[in-house]
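K.L.:
Order-wise, the sequence lines are chains A and B. Counting from 1, one number per residue, gives the positions in the first sequence under the working numbering. Counting from 1, one number per residue, gives the positions in the second sequence under the working numbering.
For the record, the hints were derived by calculation from the structure and aren't laboratory data. Computed from a prediction, not measured in an experiment: that's the story for all the values here. Glycine included, C-beta positions come from ideal geometry on N, C-alpha and C. Incorrect hints may have been included.
[As the list claims (entries may be wrong)] Computed list of lysine-lysine pairs in DSS-like fashion (alpha-carbon distance at most 25 Å, straight line): (1) Lys50(B) x Lys5(B); (2) Lys83(B) x Lys50(B); (3) Lys120(A) x Lys50(B); (4) Lys20(A) x Lys83(B); (5) Lys120(A) x Lys154(A); (6) Lys20(A) x Lys41(A).
[Stated by the list, open to error] One-sided and incomplete, this derived list gives chain A residues near chain B with beta-carbon spacing under 8 Å: (7) Pro34; (8) Pro53; (9) Glu55; (10) Ile97; (11) Thr116; (12) Val117; (13) Trp138; (14) Arg139.
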Amino acid sequence: MADISEAPHTERYIFRGGEKACAEADMAFGMNLPREACHAKVTGERAALWLGPDEWLLLGNGFNVQLTALPYSQVDVSHRQIGIQLKGNHAADMLNIGCPLDLDDAIFTTGMCTRTVFGKAEIILWRQDVQTFHIEVWRSFGDYVRGLLAIAQKEYM
Amino acid sequence: MLLIKCPYCGERSELEFSYGGQAHIVRPLIPSDITDEALTEYLYHRDNIKGVQAERWRHLHGCGRFFNAVRDTTTDHFQATYKIGEAQPASGAKSDG
Ligand SMILES: [Zn+2]
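All chains, full assembly: derive it from the sequences and hints.
P.N.:
The structure is reproduced here in structure tokens:
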């Protein structure tokens with residue numbers, strides 16, 4: 001069964017903007033934000049997760065910049081949510097206890113990410129590897145998500 | 001499980017979506033210039049069709065975007081989904097679900 005652990009703390013930002021702001025953000029951040037729906041991109045210690053056609057979650061330090069292309073918004077959510085790592089056998093099965101996504105690794109492939117639900121909590125799910133998932137969840141839902149994952153863990157002991 | 005096709009994310013579980021009422025209702029440009037009856041019509045009156053109707057839906061626990069859908073309210077069958085701003089696709093009045 002998969003291990004549940006808290007991911008190391010990192011800065012987090014929600015970036016929203018149209019194509020113009022986005023192109024400028026690519027330069028400022030030193031990495032291209034993924035334009036493909038439900039895909040994440042990793043560059044060094046930084047990651048950008050596509051959340052919507054004009055919305056990204058940015059993980060990592062040094063994303064806080066000022067752009068000239070308006071309108072755009074960049075909100076620091078570093079302490080709003082926590083990261084949970086799920087790694088090992090049956091990771092996808094454990095998630096499917098509360099998540100309706102098809103997590104077959106041919107469908108939800110490595111590198112894909114999306115907002116979805118896990119039980120009664122909204123989460124951002126990112127597949128980093130066939131058996132490794134990164135979950136972002138609002139802090140106050142953290143215990144609930146960890147608790148539900150612990151119950152799922154027992155199914156595969 | 002009912003799957004709904006988000007125009008951005010593809011087919012996803014209905015659990016991720018929320019309903020947004022009748023689609024293609026145009027807000028009056030200057031609401032103070034129209035009659036009370038016309039404003040009432042805009043604010044409150046909806047078709048509530050038994051059969052095929054165009055609706056707004058939101059991929060709330062997904063990309064977060066609003067989009068439009070053509071749905072048969074008697075069978076819950078989604079005939080089509082399309083982005084806000086696009087024209088409503090032509091549809092057959094009947095559907096086998
Ligand atoms: Zn979507």
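K.L.:
Does each hint fit the structure? Answer for all of them.
P.N.:
Going down the list of hints, with the structure as the test:
1. A hinted pair counts as satisfied when its Cα atoms are at most 25 Å apart, and Lys50(B) with Lys5(B) qualifies at roughly 22 Å.
2. For the hint pairing Lys83(B) with Lys50(B), the CA-to-CA distance comes to about 23 Å; that is within 25 Å, so the pair holds.
3. A threshold of 25 Å between alpha carbons decides the hint, and for Lys120(A) with Lys50(B) the separation of about 32 Å lies outside it, so the pair is violated.
4. A threshold of 25 Å between alpha carbons decides the hint, and for Lys20(A) with Lys83(B) the separation of about 21 Å falls inside it, so the pair holds.
5. Between the alpha carbons of Lys120(A) and Lys154(A) the distance comes to roughly 20 Å, so the proposed pair stays at or under 25 Å and holds.
6. A hinted pair counts as satisfied when its Cα atoms are at most 25 Å apart, and Lys20(A) with Lys41(A) qualifies at roughly 19 Å.
7. Nearest Cβ of chain B to the Cβ of Pro34(A): about 13 Å, over the 8 Å cut. The hint is violated.
8. The interface hint given for Pro53(A) is met, as the beta carbon of that residue sits about 6 Å from the closest beta carbon of chain B, less than 8 Å.
9. Proximity of Glu55(A) to chain B holds as hinted, the smallest CB-CB distance being about 7 Å (cut-off 8 Å).
10. Of the supplied interface hints, the one on Ile97(A) is violated, with its beta-carbon coming no nearer than about 14 Å to a beta-carbon of chain B, more than 8 Å.
11. Residue-level restraint check for Thr116(A) holds (minimum Cβ-Cβ distance to chain B is 6 Å; threshold 8 Å).
12. With its C-beta approaching chain B no nearer than about 5 Å, Val117(A) sits inside the 8 Å limit, and its interface hint holds.
13. Because the closest C-beta pair between Trp138(A) and chain B is about 12 Å apart, greater than 8 Å, the hint is violated.
14. A hinted interface residue such as Arg139(A) counts as satisfied when its beta carbon comes closer than 8 Å to some beta carbon of chain B; here the least separation is about 18 Å, so the hint is violated.
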